[in-house]
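Whenever a hint applies, use it, and build me the whole structure from the sequences.
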Amino acid sequence: QQQVKQSPQSLIVQKGGIPIINCAYENTAFDYFPWYQQFPGKGPALLIAIRPDVSEKKEGRFTISFNKSAKQFSLHIMDSQPGDSATYFCAASWEGSARQLTFGSGTQLTVLP
Amino acid sequence: EAQVTQNPRYLITVTGKKLTVTCSQNMNHEYMSWYRQDPGLGLRQIYYSMNVEVTDKGDVPEGYKVSRKEKRNFPLILESPSPNQTSLYFCASSLTSGTSYEQYFGPGTRLTVT
Numbered sequence: 001q002q003q004v005k006q007s008p009q010s011l012i013v014q015k016g017g018i019p020i021i022n023c024a025y026e027n028t029a030f031d032y033f034p035w036y037q038q039f040p041g042k043g044p045a046l047l048i049a050i051r052p053d054v055s056e057k058k059e060g061r062f063t064i065s066f067n068k069s070a071k072q073f074s075l076h077i078m079d080s081q082p083g084d085s086a087t088y089f090c091a092a093s094w095e096g097s098a099r100q101l102t103f104g105s106g107t108q109l110t111v112l113p
Numbered sequence: 114e115a116q117v118t119q120n121p122r123y124l125i126t127v128t129g130k131k132l133t134v135t136c137s138q139n140m141n142h143e144y145m146s147w148y149r150q151d152p153g154l155g156l157r158q159i160y161y162s163m164n165v166e167v168t169d170k171g172d173v174p175e176g177y178k179v180s181r182k183e184k185r186n187f188p189l190i191l192e193s194p195s196p197n198q199t200s201l202y203f204c205a206s207s208l209t210s211g212t213s214y215e216q217y218f219g220p221g222t223r224l225t226v227t
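Sequence order for the protein chains is B and F.
Numbering of the first sequence is given in the working numbering, commencing with residue 1 and proceeding in unit increments.
Numbering of the second sequence is given in the working numbering, commencing with residue 114 and proceeding in unit increments.
All the pointers check out, no bait thrown in.
So, partial list: chain B residues that the calculated Cβ filter (under 10 Å) puts toward chain F:
#1 V4
#2 G41
#3 G43
#4 A91
Chain B residues, not near chain F, derived (Cβ > 10 Å throughout):
#5 I20
#6 A70
#7 K71
Think of the hints as simulated: they come from the structure by calculation, not from any bench.
Positions of the beta carbon are idealized from the N, C-alpha and C atoms, including for glycine.
Put into structure tokens, the structure is as follows:
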């Protein structure tokens with residue numbers, strides 16, 4: 001049973017656009033929601049993370065929006081650039097799971113010049 | 114440089130031939146984990162270790178073994194590989210205390226089993 005559902009599977013935007021990637025979770029015990037960015041040939045790397053006590057977190061051009069009641073969170077990339085082209089994974093964890101990460105299925109983002 | 118290293122990066126083998134993928138980290142992290150990445154399925158955890166001599170199954174442990182004899186190393190063993198284990202494998206490590214739960218990933222090992 002997939003505990004974190006991610007959409008869309010792929011996304012193509014023009015430079016300067018605002019791609020939005022959505023994730024939904026089922027386990028209400030989750031209390032840490034990171035996003036990882038993966039470039040071709042590389043391992044995933046932490047991009048930004050949020051805890052459920054806030055509804056939004058912004059780091060540079062990347063923003064996480066969190067809706068606890070809907071059990072959903074999303075990643076917005078402002079003023080997207082071709083260098084943002086990568087695969088993005090949402091994930092979730094909770095203390096009772098020894099902080100193991102449950103990942104979404106990934107979104108392949110392409111930002112056209 | 115703080116990093117997680119994996120070897121080999123690419124491996125082509127035949128069904129049933131035992132293989133080991135090594136993983137090493139230089140950040141003194143207690144937690145280490147193995148994932149496999151398959152198209153449309155994201156990253157699925159195979160095994161993890163909270164510390165030396167402590168290992169536990171993840172979501173897809175069948176056909177894999179691990180050991181944690183030293184804090185820095187966490188090898189993944191496939192004793193009798195099968196074609197359905199063809200995948201991209203990642204090792205990761207993190208601290209188990211403090212406020213940051215960031216996992217640091219290695220560069221990946223692409224395994225093909227024919």
